[in-house]
Amino acid sequence: MIEEIVSLQMPVEERLVVRKNRLEPEHAGKNMKRISIVTGTHGDELNGQYVCYKLIEKIKAHPEHLCGIVDVYPSINPLGIDTGSRGIPMNDLDMNRVFPGTDSGAMAEHIAYKITQDIIGSDMCVDVHSSNIFIKEVPQVRLSPENYDKLLPYARLMNADIIWALSASVYLEASLANCLNMFGVPSIVVEMGAGSRITRTYARQTLDGIFRLMKELGIWSGSVEEVKEPIVANTGDVSAIHAGRSGLFILEDAEIGVNIQKGFKIGKIVSPLTGDVLEEIISPKDGFLFTLREHPVVYKGAIMARVCKTGDRAETAFASVKGGEAYV
Amino acid sequence: MYREKLYSLEGIYREEFKITGFRFGHGENSACIVGSLRGNEYQQTYICSQLIRELKKLEEHGQIAGNKSILVIPCLNQYATNIDRRFWPLDDSDINRKFPGHIAGDTTQQIAANIMEIIKGYSYGIHLTSFYMPGKFVPHVRMMETGFQNPSLANLFGLPFVVIRKPKPMDTTTLNYNWQMGGTSAFSLYTNCSDYIDDVSAKQAVASILRFLTRMGIIKYNNHSGYIAEVIDEDNLVPILSGAAGFYKRLFEPGRTVYRGDVIGEIIDTYSGEILDRVISPTEGMIFFAYTGPTVMEDAVVYKVIRRLHE
Ligand SMILES: [Zn+2]
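In the order they appear, the protein sequences are chains P and U.
Just so we're aligned, residue 1 is where the first sequence starts under our numbering, counting upward by one.
Just so we're aligned, residue 1 is where the second sequence starts under our numbering, counting upward by one.
Hints were generated in silico from the structure; no laboratory data involved.
For glycine and all other residues, C-beta sits at the position ideal for the given N, C-alpha and C.
Some hints could be false.
[Stated by the list, open to error] Think about it this way: if two alpha-carbon atoms lie no more than 30 Å apart in a straight line, the pair counts; the simulated DSSO-like pairs of lysine-lysine are:
| id | chain 1 | residue 1 | chain 2 | residue 2 |
| --- | --- | --- | --- | --- |
| 1 | P | K114 | U | K304 |
| 2 | U | K166 | P | K114 |
| 3 | U | K18 | P | K268 |
| 4 | P | K114 | U | K168 |
[What the hints assert, rightly or not] Cβ pair distances, simulated, as ranges:
| id | chain 1 | residue 1 | chain 2 | residue 2 | range |
| --- | --- | --- | --- | --- | --- |
| 5 | P | G236 | U | G27 | 39 to 45 Å |
| 6 | P | G236 | U | T20 | 38 to 44 Å |
| 7 | U | Y259 | P | G121 | 27 to 33 Å |
| 8 | P | M1 | U | F131 | 36 to 42 Å |
| 9 | P | E13 | U | R85 | 26 to 32 Å |
| 10 | U | L90 | P | F183 | 51 to 57 Å |
| 11 | P | P63 | U | F148 | 56 to 62 Å |
| 12 | U | P282 | P | P89 | 28 to 34 Å |
| 13 | U | E253 | P | G236 | 53 to 59 Å |
| 14 | P | E13 | U | R260 | 30 to 36 Å |
| 15 | U | V238 | P | M1 | 37 to 43 Å |
| 16 | U | P282 | P | G84 | 34 to 40 Å |
| 17 | U | I275 | P | S104 | 22 to 28 Å |
| 18 | P | D92 | U | Y259 | 31 to 37 Å |
Chain P extracted, bound-state conformation (with noise of 0.2 Å):
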């Protein structure tokens, strides 16, 4: 059933509407589990679309196996999906910078506490993002290090190449996963492939994990894949690599999701002008290419990938990342 969480007047013809798709057994069970899915927080951030069509299309087609009730928000920023800008297109705002929002507060923080208010009551979130236009990322999970131990186990069902942690920092604490996490919602984030394209492989590895995760919470009894065993990233194992000089980037043999050695060529930033190559870009150590430059404009500064080692690890320790800091 289609539902409409916040509707607002725009001032020509339209509104602004937020919807989500309530999926649940047409005979209802008594205390039964609930799944939330969202996505569409950046509006340049795709692979969520095709994994919300995929999620629906596969319950739609066995229903008999659903045990719980799923709750798809494939666009929490309409305007941002409809028109390819990452933010709020009128102000620029990042959506996911305003929860929880308030209820007398003005369009995007009002949106944010109609979302976080349907939200809230649900066992599981999920909350699908996909990088940027400038970075291509293997699926992987981040998690904030205050709900680490609690939500690691979740996360390793997630069918993700990667878990790492994010280090903490006040600036996420307005995200939609964090704030659903401090209201006691256990909320997951999974980013995969680059902004502005689906990448059906990694948003299919993703369906493959929500449905673990959906059978593990007892909401679907259907048959599941069995999910990859993650690297669970620790404290130093992630590298992140930065350009030392402005220029086009040009891939060498690197692909990304692969374990490398250290001393890998990359790539090389060059100059369309002089014929220069006026960087290579080399791992620094042994271990798994899980983030890599898309965009082949480059400033200096700019992340041109990152790389985590693999190999003895404990596993409840936090990764953190040395120059350069990830948000969702």
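Since the structure of chain P is already known, use the hints to place chain U with the ligand on it.
Below, chain U with the ligand alone, put in the same frame as chain P:
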């Protein structure tokens, strides 16, 4: 006056990105004035240019105090200004949400970290800035409540209002907040516009900065003593929201007194021209902020009112 290249970043298809500063006086780092961090803060850069003109004259007449130096940085986002964008053009990121920055971080984090490095250690910091919505303010000085803030110093600008804001999570990445955490008495100066030039308000801003510098003993200058500021807690500003969407007719200007029940705005149907809704003041007080857009959507902040304050 000494013109200084404070920071540069290698360009690709454009000339080098540069941040330029103008230094007056010698000796201890007394005051630093920062202009536009966003490309469309034209008024803020303009105010700096007018301030540079005044300080140059004062310096020529020996009116900068001994062992005091002032740094003015008019524009910190030339790449955006020159192509009429607000944010860093390549990735649309807001430099004023990147502080304290990261010297090994992403491009705008590096720019923020370098700016922080240049402006730290000054006794007083003044940032000319703008609000994210189109609108007019009564001129005011804004400080973050960090525990280090000193509203009595903010009074010395002689502007009518000092606003104290409790930092929200998103504020902790602004220049003002991080400047203050670094030990500088930091003030944000809001004038009534940003993306067009208003000479009257620019003159008022320049006068208030000169007044502050005089009172801090950094320059010797005779000026009008200005206002005795009203200190307001931002939480006490009453937001008034639009109840409908359509053309927006603003009926009151910032600085005016309103009474409960006053009609202060009209929302007009974009097709029929009929009045759809009237914006009614829910309280008595003074208009602090007024939205200026031609159209408005439902639930937008169209005014902020200082409760129970009169002209
Ligand atoms: Zn995102």
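Hint numbers the structure violates, sorted upward?
7 and 10
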